[in-house]
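**Student:** Read off the chains here:
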Amino acid sequence: MPYLMVAWPAVFAGVAFAWRSNRTRPWLIPPAALGHLLLTALASARMGYPGPEGWLGLDPLGRVVLFLVSILFAACAFFSVGYLRFRADRDNRVFSACLLLFLSTMTLTIWSRHWGLMWVAMEATTLAGAPLVYFNRNSGSLEATWKYLIVSSVGIALALLGTFFLAYASVRQGLPTSLLIEDLVANAPLLSPPWLRSGFALILIGYGTKMGLAPMHTWKPDAYGEAPGVAGALFSGGMTACAFLMILRALRLLKAAGEEAFAEQLLLWIGIFSVAVAAVFVVRQKDLKRMLAYSSVEHMGILALGAGIGGAALPGVLLHMVNNGFAKGVLFLSVGNIHRAFGSKTTDRVRGAVRRLPLSGMLLLAGLFAVACSPPFGPFVSLLVILKGIFQAGWHWVGGALLLLLFFIFAGLGTTVLSAAQGVPPEESDGAEPVYRDTFLTGAPILALMGLVLLLGLHIPGFLQAFLADAVQYMEGGR
Amino acid sequence: MTTLLDGIFIALILLNFLILGKASLQGVIRVVSAQGVILGLLPLLLNAHLDLRLGLVVLGTIALKGLILPRMLVRALEELSIRREVEPYISFPASLVLGALGTAFAMLVSHHLPMAHGLGSDLLTSASLSTVLTGFLVLTTRRKALTQVLGYLVLENGVFIFGLLLLESLPFLVEMGVLLDLFVAIFVMGVVIHHINREFATESTERLTALKD
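First to last, the sequence lines map onto chains F and V.
Take the first sequence: its letter number 206 is residue 206 in the working numbering, and every next letter is one higher.
Take the second sequence: its letter number 66 is residue 66 in the working numbering, and every next letter is one higher.
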C-alpha cells in the first residue's frame with residue numbers, strides 16, 4: 001500500500017513528462033489525484049502501522065494529514081486542468097510533472113516512519129516545488145524561486161543536523177542507534193536530554209522553515225506571491241501540514257522522554273511571534289497573494305502555539321490544520337482566478353471582482369470569513385477549541401494577546417479583500433488578450449472545498465472525529 | 001591521535017574566519033575547497049579500521065566537496081560577467097566579529113552537550129556548530145547569489161562534521177544525507193543561477209530585491 005501510494009502519482013508524473021500534447025497533458029493530473037484519494041480512503045479505513053521494524057506505515061497523525069493532502073490535491077487537480085487550458089501558450093510539461101511529484105513526495109513524508117527517510121522526503125518536496133514557483137518564468141518568479149530554494153535548503157540542512165542530534169542522543173547513552181520513530185519513542189526515557197532538547201530546537205527551526213513560522217517565513221510571501229494559485233494552495237495547505245507533522249512527531253518524542261516543558265515553551269513563543277509578525281505585515285497589504293501568505297504565517301503560528309499549549313488544545317490544533325488547509329485552498333484558487341481575470345493581483349488594479357467573476361469573487365469573500373475564523377465556518381470551531389485549551393491551561397495573557405492579534409489581522413485582511421471585491425471593475429482590455437471567466441473546472445473545485453469548510457463548521461463527521469481522537473491519543477503517548 | 005584531531009578541529013575553525021575575511025571570491029572558493037578536503041580526510045582519523053565503504057566515503061567527499069563543487073563555482077564565476085569581489089552587506093571586520101561571537105556561542109553550547117567516550121573532544125561539536133554559523137553568516141550578509149551558494153556549502157560542511165560522529169552507527173544516513181543533499185541542491189541552484197544569469201545579465205542578488213513589503 002505505501003509503495004503504491006507513493007508510486008502512483010510518481011508514475012503519472014513520468015507519463016506527464018513524456019506526454020507530447022500540451023493541450024491534453026493536464027488531464028493526466030485528475031486520474032492520479034482520484035486514484036490517490038481512493039488509496040487514501042482504503043489506507044485510512046484499515047490503518048495499522050507496522051511495529052518498530054517498518055520504515056513505512058501510517059500512524060494516526062499521518063492519517064489526518066493524508067486526509068487533508070489527498071482531498072486538497074484532488075480539488076487542485078481539476079482546477080489545474082482549467083487553469084492550464086487558459087495558459088495554453090505556456091509549456092506545462094514540467095509544471096504538470098512536478099505537481100504530481102509534489103503529491104508523491106508529500107505522501108512519502110506522511111508514510112515515513114524513519115527520521116532519515118522523512119528528511120529525504122521533505123527535501124524532495126522542496127525540490128519538486130521549485131519549478132511550480134517558477135512557472136511564470138519572469139524575473140519576479142525567478143527571485144521568488146531563488147529565495148524559496150535557499151531558505152528552504154538552509155532549513156532542511158538544520159533539520160538534518162537536528163536529526164543527527166536525535167541519533168547521537170542514543171549513541172551517547174550507548175544504546176543501539178536507530179532513527180525509527182517508534183524505536184526512539186520506546187527508548188525515550190533513556191536518551192540523553194541535552195541532545196534531545198537541542199535536536200528538537202534544530203528540528204523546529206528546520207522544519208519550521210518549511211512550515212513558514214516567523215522569523216523563518218521570509219520565503220513565503222515571495223513564493224506564494226509569484227507562484228500560480230494552485231501551487232500556493234498546495235504549499236500553504238499541504239506542504240506546511242507535512243512540515244508540521246514532522247514537528248509533532250518530534251514533540252511526541254520529547255513528551256515520551258519527559259522533556260515536553262522545553263519543547264512546548266519553544267513552540268508557544270515561536271507561535272505567538274508568528275501571529276504577531278503576520279499581524280504587522282497583513283495590514284495595508286495591497287497584494288492579494290502576499291496577503292494570503294501572511295495569513296498562512298498566522299495560521300501556522302496558531303498551530304505551533306496550540307501545540308505548545310497541548311492538552312485540551314491539541315484536538316483543536318489538528319482540526320485547525322485541516323480547516324486551514326481547505327480554507328487556504330479556497331482562497332488561493334479564487335485569487336488565482338481573479339489574478340487571471342484582472343491581469344494583476346494588487347488592489348491598485350483589482351476592483352469589483354464580484355462583478356467580473358461572480359463565483360470567484362463570492363468565494364473569496366466567503367473564504368475571507370472562513371480564514372478569519374468567523375462562524376459558521378470550520379476554522380471558527382477549531383480556534384474555539386484551541387482558545388479553550390489556552391484559557392484552561394491558565395495562559396490567560398496568551399489567549400488575550402492572540403485574540404487581539406486576530407482582530408488586527410481580520411481588519412487587515414478585510415480591508416484588502418473588500419476593496420478588491422467591491423466597486424466597479426476597471427475597463428476591460430481591448431480584446432487583445434483572452435477574457436477570463438469562471439468556468440466549471442476553475443469554479444467547482446473551489447466550491448467543493450468551500451462546502452467542506454462550511455461542513456466542518458456545522459458538523460464534524462464521525463470518522464474524522466475518530467481520526468482526531470486517535471491522533472490525540474497517539475500524541476499523548478498511547479498507541 | 002587526540003591532539004592531532006583537536007588540531008584539525010581548531011584549523012577548521014580558523015578556516016571559517018578566513019572564509020569570512022577574504023575579499024576575493026576566488027579566494028573564498030579556494031578556502032571552502034580546502035575545508036572540503038580536510039573534511040574528506042577526517043573519517044580516516046576517526047575510524048580505526050579502513051574498509052571499502054569508508055574509503056568510498058573519503059574519496060567521494062574529497063572529490064565532491066574539495067574538487068567538483070568548487071570547480072563548478074569557479075566555472076560559473078568565469079562565465080558570469082560579475083565583479084570578483086565578495087561584496088558583503090556589512091564590513092569585513094564586522095563579519096569577523098560576528099564570526100568570533102558565533103564561535104564563542106558554539107563552544108558554549110557544545111560545552112553543555114555531553115560527549116560519548118571514545119571521541120572525547122567536544123571540539124568536534126564546536127567546530128561543527130561554528131562552521132554552521134559561519135555558513136549562515138555568509139548566507140545572510142553577502143550580496144551575490146554565488147556567495148549564497150558558498151555559504152550554503154559551508155553550512156553543509158558544518159553538518160557533515162557532526163555527521164562524522166555517526167559514521168559508525170548510521171553510516172548510510174550520513175552518506176546519503178550529505179551527498180544527496182549537496183549534489184541535488186547545488187545542481188538545482190546551479191540551474192537557477194544559470195536562469196538568473198540569462199534574465200538579469202549580471203548575477204547578483206542585489207537585483208533580486210524587487211519583492212518586498
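Accuracy of the hints is not assured; some may be wrong.
What the hints assert, rightly or not - Straight line, CA to CA, 20 Å or less: simulated SDA-like cross-link-like pairs of lysine to any residue:
hint: 1; chain 1: V; residue 1: K212; chain 2: F; residue 2: W27
hint: 2; chain 1: V; residue 1: K22; chain 2: V; residue 2: I10
hint: 3; chain 1: V; residue 1: K212; chain 2: F; residue 2: Q473
hint: 4; chain 1: V; residue 1: K22; chain 2: V; residue 2: L4
To be verified - To be clear about the criterion: a stretch of chain F counts as covered by chain V if any three or more of its residues have a C-beta under 8 Å from a C-beta of chain V, and this derived list gives those stretches:
hint: 5; segment: 145-156
hint: 6; segment: 217-228
These are computed hints drawn from the structure, not numbers from a lab.
If you're wondering where the values come from, they're calculated on a predicted model, not measured in any experiment.
Backbone N, C-alpha and C fix where the C-beta goes; we use that ideal spot for every residue, glycine too.
**Student:** Under the constraints set out in the numbered hints, which ones does this structure not fulfil?
**Tutor:** 1, 3 and 4
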